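2 protein chains.
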Amino acid sequence: MANRAFGVKSEAVNESPWKPSSERARQREIKREAVILTAARAFRQRGYHNTSIDDIAALLNVTKPTIYHYVDNKEEILFECFRTGLDQIKAAFEETLPSKSTAMTRLTAVIRRYAQAITSEFGWCMVRAEDQDLSPVMSKRINTLKSEIDQGIRKLINQGIADGSIRLCDPKITAFALAGAMNWIAHWHREGAELSPDEIADRFIETFVNGLKPR
Amino acid sequence: MANRAFGVKSEAVNESPWKPSSERARQREIKREAVILTAARAFRQRGYHNTSIDDIAALLNVTKPTIYHYVDNKEEILFECFRTGLDQIKAAFEETLPSKSTAMTRLTAVIRRYAQAITSEFGWCMVRAEDQDLSPVMSKRINTLKSEIDQGIRKLINQGIADGSIRLCDPKITAFALAGAMNWIAHWHREGAELSPDEIADRFIETFVNGLKPR
Chain A
1 MANRAFGVKS
11 EAVNESPWKP
21 SSERARQREI
31 KREAVILTAA
41 RAFRQRGYHN
51 TSIDDIAALL
61 NVTKPTIYHY
71 VDNKEEILFE
81 CFRTGLDQIK
91 AAFEETLPSK
101 STAMTRLTAV
111 IRRYAQAITS
121 EFGWCMVRAE
131 DQDLSPVMSK
141 RINTLKSEID
151 QGIRKLINQG
161 IADGSIRLCD
171 PKITAFALAG
181 AMNWIAHWHR
191 EGAELSPDEI
201 ADRFIETFVN
211 GLKPR
Chain B
1001 MANRAFGVKS
1011 EAVNESPWKP
1021 SSERARQREI
1031 KREAVILTAA
1041 RAFRQRGYHN
1051 TSIDDIAALL
1061 NVTKPTIYHY
1071 VDNKEEILFE
1081 CFRTGLDQIK
1091 AAFEETLPSK
1101 STAMTRLTAV
1111 IRRYAQAITS
1121 EFGWCMVRAE
1131 DQDLSPVMSK
1141 RINTLKSEID
1151 QGIRKLINQG
1161 IADGSIRLCD
1171 PKITAFALAG
1181 AMNWIAHWHR
1191 EGAELSPDEI
1201 ADRFIETFVN
1211 GLKPR
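Protein chains in written order, with my numbering: chain A, 1 to 215; chain B, 1001 to 1215.
By construction, these hints were calculated from the structure, which means they are not laboratory data. Just so we're clear, the structure is a prediction, and the values are computed from it rather than from any experiment. It is possible that some hints are incorrect.
DEER-style ranges, computed between Cβ atoms [what the hints assert, rightly or not]:
no., chain 1, residue 1, chain 2, residue 2, range
1, A, Ala91, B, Arg1141, 39 to 49 Å
2, A, Glu194, B, Pro1020, 55 to 65 Å
3, A, Ser196, B, Glu1023, 53 to 63 Å
4, B, Gln1088, A, Asp72, 39 to 49 Å
5, A, Leu59, B, Val1209, 30 to 40 Å
6, B, Asp1087, A, Asn61, 45 to 55 Å
7, A, Lys155, B, Val1209, 34 to 44 Å
8, B, Thr1105, A, Glu148, 34 to 44 Å
9, B, Asn1158, A, Val209, 19 to 29 Å
10, B, Asn1143, A, Val209, 26 to 36 Å
Ideal placement from N, C-alpha and C gives every residue a C-beta, glycine not left out.
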């Protein structure tokens, strides 16, 4: 017995029933992401107010306390859905370097990522979150993130006017027109639609870059 | 006494205390419009769910039963706000005749009216109504009206491709981009903003007609 116990202990040095902390952190992140993705789908299908933490737990075959292990409350989940979608757009601002391409090229890359994000599972949360009677604190956090994207688009338009790749225009109103057209995708796009996110992006880019008047 | 009473009766033939029915219908319409306009302002300021029929009555210095004399329920008021805004856009489709101008000219007239409608008192209701957990019947009625506008824009784009005033494009997705940019105005426009509705329309038309690429 002592030997077996010792044997077990000896093995445990190499094979602990606890995974290394790096692996535990990774597992925790995977589970947290599953909570957020499942919630994003549920919010879109049933609406935010009609989805409870219990519903999200049931969809993942766990109990409510398990969900609270990963997120503080439902509003926090909505915020994370919002942020996950927005992070995809933010990444596009850093993908192409100003030194290597015109501002117009970088702007079209942002439009493409924007279309992908809005047609993703997180699109509904990104566009509809603000209509959900959120707490003032949460509204402010969401508006701060939104403002970063808005400012990023305005900056690209300004740079494009400077480098000659974008026609002289009102950067603020033009950025609103772009973001509005993109955000509105969440109102009409349905999963399994005839056009892929990339095809939608192609048509949007064509309209915004070349305009409706024949060239 | 009899004489006085007779005298009153005699006068009443010419000056009835009741107004002619045409005038009564006009007064009723004016009052009904006041109910809808007051409700539109209240919905935008406080939100639809936070505004009661009592609130609307109080704003008009009348009682709740008076309001019910003009509308059946709160959802009906929201629908009327929505329809009033949309009617302004619909009118633009009929203002200029196909025989007298190109489809592009007619489309820009629609964009101008659209911007005016969305920045009006009714803009919030037009764009946010569908997020308010309306009854299935009401959602369907609103979607039918929206679809008319959408189809009208697609038709103009198709006519523009045919008459050569609009570049070859995907009419459906282009109509969505236009409507999305316009509808989104309700999310960022504030009363007393630095640009007038017409100035916003000018910039939108410039972006959509000429595109961002220098010509």
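Each hint, compared with the structure:
About 41 Å separates the C-beta atoms of alanine 91(A) and arginine 1141(B), a value consistent with the hinted range of 39 to 49 Å. Against the hinted window of 55 to 65 Å, the Cβ-Cβ separation of glutamate 194(A) and proline 1020(B) comes to about 57 Å, which satisfies the hint. For the pair serine 196(A) and glutamate 1023(B), the beta carbons lie near 60 Å from each other, so the given range of 53 to 63 Å is met. For the pair glutamine 1088(B) and aspartate 72(A), the supplied restraint of 39 to 49 Å holds, since their beta-carbon distance comes to about 45 Å.
At about 47 Å, the CB distance of leucine 59(A) to valine 1209(B) disagrees with the hint of 30 to 40 Å. Distance hint check: the CB atoms of aspartate 1087(B) and asparagine 61(A) are about 51 Å apart, consistent with the given range 45 to 55 Å. In this structure, lysine 155(A) and valine 1209(B) break the distance hint of 34 to 44 Å, their C-beta atoms being roughly 24 Å apart. A C-beta distance of roughly 39 Å is found between threonine 1105(B) and glutamate 148(A), which places it inside the suggested range of 34 to 44 Å.
Here the CB-CB span from asparagine 1158(B) to valine 209(A) is close to 21 Å, well matched to the stated 19 to 29 Å. For the pair asparagine 1143(B) and valine 209(A), the beta carbons lie near 31 Å from each other, so the given range of 26 to 36 Å is met.
The structure fails hints 5 and 7 (numbered hints given earlier, in ascending order).
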